[in-house]
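Undergrad: Let the sequences and hints guide you as you build the complete structure.
Here's the letter readout for the chains.
2 protein chains.
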Amino acid sequence: MSKTTVALDAMGADQGVAPVVQGAAELSMDERHDTEVVLVGDAHAIDRELRELEHRRDRLHIVNAPSFVSMDEKPKVGLDDKPDCSLLTAAELVRKGEADVLVSAGNTGAVILGASRTFERLPGVRRVALAAVHPTVESHGPKNDPFALMLDVGATLYCNADDLVAFAIMGAAYSRVISDIDCPRVGLLSNGSEPHKGTPAIVEAHARLRNIRGFEFVGNVEGLDIPRGTCDVIVCEGFVGNIVLKMLEGVSEVAKELAKIAYGQRLRYKLALGMLSGGIKQIKELTDWKQYGGAPIVGFDHLVIKAHGRSNARAIRNALKVAAKTVERRLADQVRDGLAQDRSADGAS
Amino acid sequence: MSKTTVALDAMGADQGVAPVVQGAAELSMDERHDTEVVLVGDAHAIDRELRELEHRRDRLHIVNAPSFVSMDEKPKVGLDDKPDCSLLTAAELVRKGEADVLVSAGNTGAVILGASRTFERLPGVRRVALAAVHPTVESHGPKNDPFALMLDVGATLYCNADDLVAFAIMGAAYSRVISDIDCPRVGLLSNGSEPHKGTPAIVEAHARLRNIRGFEFVGNVEGLDIPRGTCDVIVCEGFVGNIVLKMLEGVSEVAKELAKIAYGQRLRYKLALGMLSGGIKQIKELTDWKQYGGAPIVGFDHLVIKAHGRSNARAIRNALKVAAKTVERRLADQVRDGLAQDRSADGAS
Numbered sequence: 001m002s003k004t005t006v007a008l009d010a011m012g013a014d015q016g017v018a019p020v021v022q023g024a025a026e027l028s029m030d031e032r033h034d035t036e037v038v039l040v041g042d043a044h045a046i047d048r049e050l051r052e053l054e055h056r057r058d059r060l061h062i063v064n065a066p067s068f069v070s071m072d073e074k075p076k077v078g079l080d081d082k083p084d085c086s087l088l089t090a091a092e093l094v095r096k097g098e099a100d101v102l103v104s105a106g107n108t109g110a111v112i113l114g115a116s117r118t119f120e121r122l123p124g125v126r127r128v129a130l131a132a133v134h135p136t137v138e139s140h141g142p143k144n145d146p147f148a149l150m151l152d153v154g155a156t157l158y159c160n161a162d163d164l165v166a167f168a169i170m171g172a173a174y175s176r177v178i179s180d181i182d183c184p185r186v187g188l189l190s191n192g193s194e195p196h197k198g199t200p201a202i203v204e205a206h207a208r209l210r211n212i213r214g215f216e217f218v219g220n221v222e223g224l225d226i227p228r229g230t231c232d233v234i235v236c237e238g239f240v241g242n243i244v245l246k247m248l249e250g251v252s253e254v255a256k257e258l259a260k261i262a263y264g265q266r267l268r269y270k271l272a273l274g275m276l277s278g279g280i281k282q283i284k285e286l287t288d289w290k291q292y293g294g295a296p297i298v299g300f301d302h303l304v305i306k307a308h309g310r311s312n313a314r315a316i317r318n319a320l321k322v323a324a325k326t327v328e329r330r331l332a333d334q335v336r337d338g339l340a341q342d343r344s345a346d347g348a349s
Numbered sequence: 001m002s003k004t005t006v007a008l009d010a011m012g013a014d015q016g017v018a019p020v021v022q023g024a025a026e027l028s029m030d031e032r033h034d035t036e037v038v039l040v041g042d043a044h045a046i047d048r049e050l051r052e053l054e055h056r057r058d059r060l061h062i063v064n065a066p067s068f069v070s071m072d073e074k075p076k077v078g079l080d081d082k083p084d085c086s087l088l089t090a091a092e093l094v095r096k097g098e099a100d101v102l103v104s105a106g107n108t109g110a111v112i113l114g115a116s117r118t119f120e121r122l123p124g125v126r127r128v129a130l131a132a133v134h135p136t137v138e139s140h141g142p143k144n145d146p147f148a149l150m151l152d153v154g155a156t157l158y159c160n161a162d163d164l165v166a167f168a169i170m171g172a173a174y175s176r177v178i179s180d181i182d183c184p185r186v187g188l189l190s191n192g193s194e195p196h197k198g199t200p201a202i203v204e205a206h207a208r209l210r211n212i213r214g215f216e217f218v219g220n221v222e223g224l225d226i227p228r229g230t231c232d233v234i235v236c237e238g239f240v241g242n243i244v245l246k247m248l249e250g251v252s253e254v255a256k257e258l259a260k261i262a263y264g265q266r267l268r269y270k271l272a273l274g275m276l277s278g279g280i281k282q283i284k285e286l287t288d289w290k291q292y293g294g295a296p297i298v299g300f301d302h303l304v305i306k307a308h309g310r311s312n313a314r315a316i317r318n319a320l321k322v323a324a325k326t327v328e329r330r331l332a333d334q335v336r337d338g339l340a341q342d343r344s345a346d347g348a349s
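First to last, the sequence lines map onto chains E and U. Numbering-wise (our numbering), the first sequence opens with residue 1 and increments by one. Numbering-wise (our numbering), the second sequence opens with residue 1 and increments by one.
Rather than coming from a laboratory, the hints here were simulated on the basis of the structure. Among the hints, a few may not be true.
Said to hold, decoys possible - DSSO-like cross-link-like pairs, simulated, lysine-lysine; straight-line CA separation at most 27 Å: (1) Lys-246/U to Lys-82/E; (2) Lys-197/E to Lys-3/U; (3) Lys-96/U to Lys-246/E; (4) Lys-321/E to Lys-246/E; (5) Lys-143/E to Lys-325/E; (6) Lys-76/E to Lys-325/E; (7) Lys-325/U to Lys-96/U; (8) Lys-76/E to Lys-197/U; (9) Lys-321/U to Lys-96/U; (10) Lys-74/E to Lys-82/U; (11) Lys-197/E to Lys-321/U; (12) Lys-197/U to Lys-76/U; (13) Lys-246/E to Lys-197/U; (14) Lys-143/E to Lys-321/E; (15) Lys-96/U to Lys-197/E; (16) Lys-197/E to Lys-325/U; (17) Lys-82/E to Lys-96/E; (18) Lys-321/E to Lys-96/E.
TA: Quick look at the structure:
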């Protein structure tokens, strides 16, 4: 396969098929990419959307799979009831090699479970991780990316040391591929910077991570390193990562609300906010991580990108670009090599 | 004892004795309070500070204890080496009934360990909790407090269901006393709002909290409920609470830095920020939880207030006021009653 093909689950996002199809249509018009997208979902609805949109038909394919797991459905029940749903159909395309990577903006639990039913885990991976980018003050890598990666944020709630070590290796590979960082700085989230701080799993993972090559292990990091962005990849178990990520979303919401309150209050605020609008827009962009193209699920033999359920067309387009990039830069091979090196180091020690 | 007496550890704060003594001196001048403060520390240094300050000598006492555990000392080593240190001397005054409550701005680990060596735990309390107030968008209680309470934030890293239930009872009692909330809303921090979400300890605590009276258990809350402030008290284990609290500190720092960057950039930003200064000051005050008087350590038969190591005089004065209030409103009795009710409910079921 010369061109990269993305299997895009077109169903189950918060706003239905419209923004998903629009994102794919926009990407098809972008001359800098030759990615092909297979839109998997209700063919009738997808067609109807496409008719309203500028798009290149030769880069878009449609596979009909009208049923889907909705946001409030239990993942297991939904997938058991609907084996032909858009998600499983799209995943199957990737498994059979008809597409290279899977993107979905649907029910997160269903995406993880559906992928684990369809794909194999990489050798050395016991549990997969959902990674998320979050905005940081410090910039990262040669492209000065204003975000860092955190994993796991909810796929594996409780982790042992093996899991945390594997997450570090996979997160570093992802950071290398997406942010062009040769030697990513990886930190382990704990309640103190000293090596003995944290759960037994963290303490053991800390000791092992000191001996792994391919990235720079900076040791334990603390809560305040998250918004600062003192490292490129933060590793934690899913329970903690989930709470941290949702809190960051909450803080971002709060900032917007406070701005609105100030805005409503007085005329001079309105004038002042108008003058500040450039700077506020900058800060908003910095904190709007939806533009960074979704969260990768790492640990399977194929990559899955989970786009936010609230994704607009631009977020979907970015998720598709990120997905294509992971294929073109051979993320899966990099992850596999990193894990193999860890195992051989284990054997040697 | 008719008047409330606070034993104040005057040593070991980041800026030394100066802000601690100043906070006590300021409180002594406040006609609305008749709290007495025992300043425990290097009598010579305390005297020197007091000579420079307006104060009422009849409300301030000095007990000489020049040695102290510094911020970067290991708590156990420091306390073992210095049995006469200011912290243990102050705690001993409380244990003997010569003071009612202990306040310290020193090494947090040493304060918790020192208290646990001096005081008894309340019946039904296996582990103590460090509680912290954090700023929220929603206001709380009849005084519209712009903050909520979270516990534990670092005293007990791993908690079983008993611990979480005890923390809920103690946190509710504290919220009742400090924020005048008759029936505080208490939430359990988890990775989803459904009762089955979270660690086994959280799931079990959830089931038990539904049957406890004296507060309103709102169920599981998520990361985004923290900055929003959807409940008055959030219960979590210390590992998670520590990371969340430090992250909030980090976010607050980041907001200040971004404001500074914007400020430095362009003249029109400076003009605009000048116009906005009222609003920004409001937001700063909202996010500056140092003004709320420190973090209580609950679970001992005497209350301890841990003031921030970076406390200025105002923060110390507020911590002293909060400490006095907990005595006058009989917090210890409320906590004891709440725990006893839980045990009798257990026996009845």
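Undergrad: Taking each numbered hint in turn, which are not upheld by the structure, reported in ascending numerical order?
TA: 1, 2, 3, 6, 10, 11, 12, 15, 16
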